[in-house]
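Undergrad: Each chain is listed here by its residues.
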Amino acid sequence: MSEIFSKVKNEIAAVLDKYPNGRSAVMDVLRIAQEANGGHLTKEALGEIAALLDMRPVEVNAAAAFYTMYRIQKPAGRHHIWVCRNISCSLLGAEHIIAYLERALRIKTGETTADDKFTLSTAECLGSCGTAPMMQIDDDYYENLTESKIDEILAEKGLK
Amino acid sequence: MEKALLKNYGNAETHKIDVYIAGGGYVALASAMKMQSDQIIQLVKDSGLRGRGGAGFPTGLKWSFIPKDPTIPKFLCCNADEGEPGTFKDRGIIDFDPHLLIEGMIIASFAFGASKSYIYIRGEFAFGAKRLETAIKEAYQKGFLGKNILGSGFAHDMYVHRGFGAYICGEETALLESIEGWRAQPRKKPPFPALSGLYGKPTVINNVETLSCIPAIISRGAKWFSSIGPEKSPGPKIFGVSGHVKKPGLYELPMGTTIRELIFDHCGGMSSDRPLKAVIPGGVSAPMLNANDLDTKLDFDSLASKGSMLGSGAVIVMDSSTCMVKTAYIINRFFSHESCGKCTPCRDGTPWLTKVLKRLEHGEGRIGDVELLERLCSNIFGRTFCPLGDGAVMALRGFIKNFREEFQYHVDNKKCKAA
Ligand SMILES: Cc1cc2nc3c(=O)[nH]c(=O)nc-3n(C[C@H](O)[C@H](O)[C@H](O)COP(=O)(O)O)c2cc1C
Ligand code: FES
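These protein sequence lines map, in sequence, to chains Z and B. Sequential numbering from 1 applies to the first sequence in this note's numbering. Sequential numbering from 1 applies to the second sequence in this note's numbering.
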């Protein structure tokens with residue numbers, strides 16, 4: 001077992017306990033591996049997970065590809081920003097929020113800043129429509145966004 | 001109306017079990033465990049409770065489909081995937097009142113004999129997932145979960161299963177596939193989950209709000225519940241209002257409240273002096289209504305008779321500055337992004353709709369595009385494996401029906417009339 005997996009051994013044992021078989025734990029184990037590895041999944045990790053859960057590697061890859069929150073391609077920045085672009089946020093200016101973030105971070109949506117600090121993505125409705133416009137950074141929600149609020153949040157997260 | 005679902009909403013303490021108990025929590029569980037399981041199911045039937053996840057299926061009836069054989073293991077799955085755009089009500093319960101949901105789930109499980117339950121919560125709700133995990137631990141410590149609950153001999157285990165970003169997992173059979181670790185694509189029905197659900201065992205899938213109604217039905221009685229709102233669609237209901245209103249947010253009101261009352265009496269009216277143009281009454285899959293429909297009651301049957309639906313109770317309000325083509329494009333882009341890929345009409349049809357809407361929105365519409373959209377809708381509707389594709393079509397048809405001239409204006413003038 002690789003270093004990453006031995007670090008989260010207990011967490012993995014706990015999620016395996018929830019289900020009658022290993023396969024059902026695949027989503028939890030992928031999440032735990034992704035978190036332990038700084039926000040993305042490596043090929044090796046996917047292979048290890050398949051062996052651990054007694055699944056075929058293609059099945060684990062398919063699971064990781066199906067859900068938008070797993071990162072199997074390029075490593076994401078240290079902070080991942082997801083801006084909601086769906087209806088309620090759009091009615092209250094999501095497009096403007098996205099454009100403002102692109103300018104502030106000097107990247108386009110889908111890109112990562114040169115210092116690897118931030119990745120900017122759009123998201124579909126994040127279930128926070130009554131406090132639109134909103135974005136999620138890593139695990140946290142930021143709601144009722146304005147330009148000055150965004151400035152504060154980015155400064156707090158270490159934007160220079 | 002004394003609140004049953006949002007009474008603790010916004011409270012920074014009520015997620016803790018001692019605070020919840022001090023407020024009368026878990027009394028309903030103790031009462032329920034003194035009842036026969038059939039009596040509980042009958043009570044829920046008598047209350048008239050219909051599922052709050054979208055389809056409005058009678059909850060007591062759903063539970064009664066579960067086979068009575070005590071030797072067969074049974075499951076309860078709580079649908080906390082909350083992915084229908086515009087919807088944010090279940091999160092309001094989970095974040096502030098997780099024990100209300102857990103209490104409802106234990107009572108439901110006791111009623112039809114489920115030994116295990118899973119709460120399927122969307123991946124982005126990391127905060128809510130942690131809230132639930134902590135609350136479940138607390139419930140074990142107090143003896144509300146685990147073996148021999150409250151000395152009744154009934155045993156039950158509860159787990160949180162986190163999604164990771166896929167709207168389709170809200171569809172109940174895709175949700176089951178996802179828990180089992182397969183590709184989250186809907187299953188063929190029949191067999192229905194009540195006979196063959198999770199791991200092939202009898203399973204009930206209920207929405208968060210549905211299950212959170214149960215403790216109050218036990219404590220206050222079926223009559224209390226059924227006397228609120230319309231006879232065939234009764235009870236308290238959470239409306240999640242977003243868009244161009246002064247005070248967006250969650251409102252617990254009687255079923256059958258009119259759109260006008262909701263927006264103008266409760267949400268403080270429109271957010272500016274621009275007039276109301278359109279309302280989507282039940283999440284984006286629900287066909288829109290216009291300014292002439294404001295006296296429509298928000299309940300399952302009234303909205304169905306208007307050709308729309310209550311869905312998740314997410315009310316999205318748009319004022320006169322809203323471009324209908326752009327809004328239709330945003331909604332359709334969502335559906336094509338979330339199409340799970342299992343069936344062709346949805347997998348190929350929804351991106352095609354998006355492509356046409358996109359060019360209309362970008363001033364590149366072609367003559368005949370509105371008719372093309374309608375033709376594409378006919379080729380998708382009723383031909384998809386699950387209701388996702390139908391939802392996309394119903395939404396778009398609602399836009400075209402109410403604002404056809406605006407779509408045509410985009411074709412003829414290569415720009416927008418509203419903006
Ligand atoms: C595409 C699609 C997405 C759905 N998303 C949700 C959802 O996020 N939450 C939910 O409770 N029900 C959702 N449903 C409805 C569920 O399939 C199911 O009917 C519901 O969870 C049953 O619970 P109830 O009887 O308590 O309403 C969705 C249905 C479809 C077709
Ligand atoms: S539309 Fe943005 S959170 Fe729902």
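Just so you know, the hints here were simulated from the structure itself, not pulled from any lab data. Model, not experiment: these values are computed from the prediction. Backbone N, C-alpha and C define an ideal beta-carbon position, used for all residues, glycine too. Check the hints yourself; a few may be wrong.
To be clear about the criterion: a stretch of chain B counts as covered by chain Z if any three or more of its residues have a C-beta under 8 Å from a C-beta of chain Z, and this derived list gives those stretches [to be verified]:
| no. | segment |
| --- | --- |
| 1 | 98-104 |
| 2 | 156-162 |
| 3 | 165-179 |
| 4 | 229-243 |
| 5 | 246-255 |
| 6 | 306-313 |
| 7 | 329-342 |
Undergrad: Could you check the structure against the hints above and give me the numbers of any it violates, in ascending order?
TA: Per hint list: 1 and 6 violated.
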